[in-house]
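For the sequence shown, UniProt numbering gives the first residue as 1, with consecutive numbering after it.
Don't read these hints as lab results, they were simulated from the structure.
Where hints are given, some of them may not hold.
[As the list claims (entries may be wrong)] In silico lysine-lysine, BS3-like type, Cα no more than 30 Å apart, as pairs:
1) K298 with K286
2) K195 with K298
3) K276 with K256
4) K302 with K286
[Stated by the list, open to error] Here are the simulated distance ranges between beta carbons:
5) I264 with D141: 38 to 46 Å
6) P121 with Q253: 34 to 42 Å
7) F140 with E233: 40 to 48 Å
8) D21 with V147: 23 to 31 Å
9) Y230 with V147: 33 to 41 Å
10) L252 with C71: 26 to 34 Å
11) E233 with K149: 43 to 51 Å
12) L252 with N229: 20 to 28 Å
13) N277 with L252: 38 to 46 Å
14) K113 with K256: 41 to 49 Å
15) Y67 with I156: 24 to 32 Å
16) D12 with V147: 40 to 48 Å
17) S122 with F27: 17 to 25 Å
Ideal placement from N, C-alpha and C gives every residue a C-beta, glycine not left out.
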Amino acid sequence: MEMNNQDYMVGDRTDLLPRIDWNIRFFGAHKQTVRSGWATTKEFHHAFEILIVLDGVQETKLESESYEVHCEDILLIPPGFEHTNTNFSASSMTYFCAHFDVDEPALRMKIMKNCDWVYTPSNPSYSRLRACIQQWIDLFDDPDMTVSKAKLRAQIVLFELLGILIDLQPVNTETHANQSMTTAKHAREIAEAIKSHFRQQVREKNGDADEDDTVHIQPIIASLGISPNYGLEIFQKIYHMSPRKYLSDLKLQEAKMLLQQPEISLTEIALRLGYKNLSHFSRQFKKWTQLSPTEFRKLKSKA
1 MEMNNQDYMV GDRTDLLPRI DWNIRFFGAH KQTVRSGWAT TKEFHHAFEI
51 LIVLDGVQET KLESESYEVH CEDILLIPPG FEHTNTNFSA SSMTYFCAHF
101 DVDEPALRMK IMKNCDWVYT PSNPSYSRLR ACIQQWIDLF DDPDMTVSKA
151 KLRAQIVLFE LLGILIDLQP VNTETHANQS MTTAKHAREI AEAIKSHFRQ
201 QVREKNGDAD EDDTVHIQPI IASLGISPNY GLEIFQKIYH MSPRKYLSDL
251 KLQEAKMLLQ QPEISLTEIA LRLGYKNLSH FSRQFKKWTQ LSPTEFRKLK
301 SKA
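Modelling step: build the complete structure from the supplied sequences, incorporating the hints.
As structure tokens, this is what we get:
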């Protein structure tokens, strides 16, 4: 039906879906069988880790707590938590795990605040989580699965998983109440606030400040009701880096992504990242990667 401007009258209702402005990553997914006595070194990730034991028993030490993850139990580890995994069985153990991340601060915080660490079959949310993970596992056994189809299918399942996670309600409230978890929660809030301010800077293309001074760390921490000195201390404890280094890593990740989009000029990339000029950005990028932005862009265009 042909319409003109007079067809749009004051009072007409318009329903809009929210704008999507985030990056979602799925990586490190694998199924593995390990021998008796197998163990990982202490590690932590900037992303979520979800794991299911398919056969055997695993012991996981998460911060100051220890958990036995039995066959068919699901383990969900939020970003920033130090942990080790050990095969607790007398024989071999088989597990599947995957790492995923989404740079939407509100969504990440909602998941982190509400998740339990271990989901047993008696948990109300277990069956939905188990069915979702099984879709990833089934990809290994599909003889017609190409790499492209596997990537697409894995991401579809990840979106489904995120939909489940934002609906979760914690069952083990005592776990969330202890001091180590509170410390980690504050550190993650600082990380999310830094990321949110940085994303806003990128969207607004703010280029009138010196290097890392566009996003001011201490005022961000103070705005959360946390003492800046305490905030710096707990951030270092949980993330094993300073907030400034965390911001620098965010800039590097964003720079790499933007440089792989040839329609965006180097000058615009520099401004988006908060550098006052292209030469300033180029010097910093070479410190990060030992390549100039131009060299990095050419290298990626050939890949």
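So, going through the hints one by one against the coordinates:
A hinted pair counts as satisfied when its Cα atoms are at most 30 Å apart, and K298 with K286 qualifies at roughly 14 Å. The hinted pair formed by K195 and K298 meets the criterion: a straight-line CA distance of about 28 Å does not exceed 30 Å. For the proposed pair K276 and K256, the alpha carbon gap of about 18 Å is at most 30 Å, so the pair holds. Between the alpha carbons of K302 and K286 the distance comes to roughly 19 Å, so the proposed pair stays at or under 30 Å and holds.
With their beta carbons about 41 Å apart, I264 and D141 fall inside the hinted range of 38 to 46 Å. For the hinted restraint 34 to 42 Å between P121 and Q253, the CB-CB distance of approximately 38 Å keeps it satisfied. Against the hinted window of 40 to 48 Å, the Cβ-Cβ separation of F140 and E233 comes to about 43 Å, which satisfies the hint. The hint said 23 to 31 Å for the Cβ distance between D21 and V147, and at roughly 28 Å that hint holds.
At roughly 47 Å, the beta-carbon separation of Y230 and V147 lies outside the given 33 to 41 Å, and the hint is violated. Range check, L252 to C71: about 40 Å between beta-carbon atoms, so the 26 to 34 Å window is missed. Checked against the given bound of 43 to 51 Å, the beta carbons of E233 and K149, roughly 47 Å apart, stay inside it. Checked against the hint of 20 to 28 Å, the pair L252 and N229 passes, with Cβ atoms roughly 27 Å apart.
Between N277 and L252 the beta carbons are some 18 Å apart, a value that contradicts the proposed interval 38 to 46 Å. In this structure, K113 and K256 break the distance hint of 41 to 49 Å, their C-beta atoms being roughly 30 Å apart. The hinted window of 24 to 32 Å between Y67 and I156 holds, with their beta carbons roughly 30 Å apart. Remark: the range hint 40 to 48 Å for D12 to V147 is upheld by a beta-carbon distance near 47 Å.
Judged by the Cβ atoms, the range 17 to 25 Å given for S122 and F27 is violated: they are separated by roughly 31 Å.
Hint compliance for this structure: hints 9, 10, 13, 14, 17 are not met, and every other hint is.
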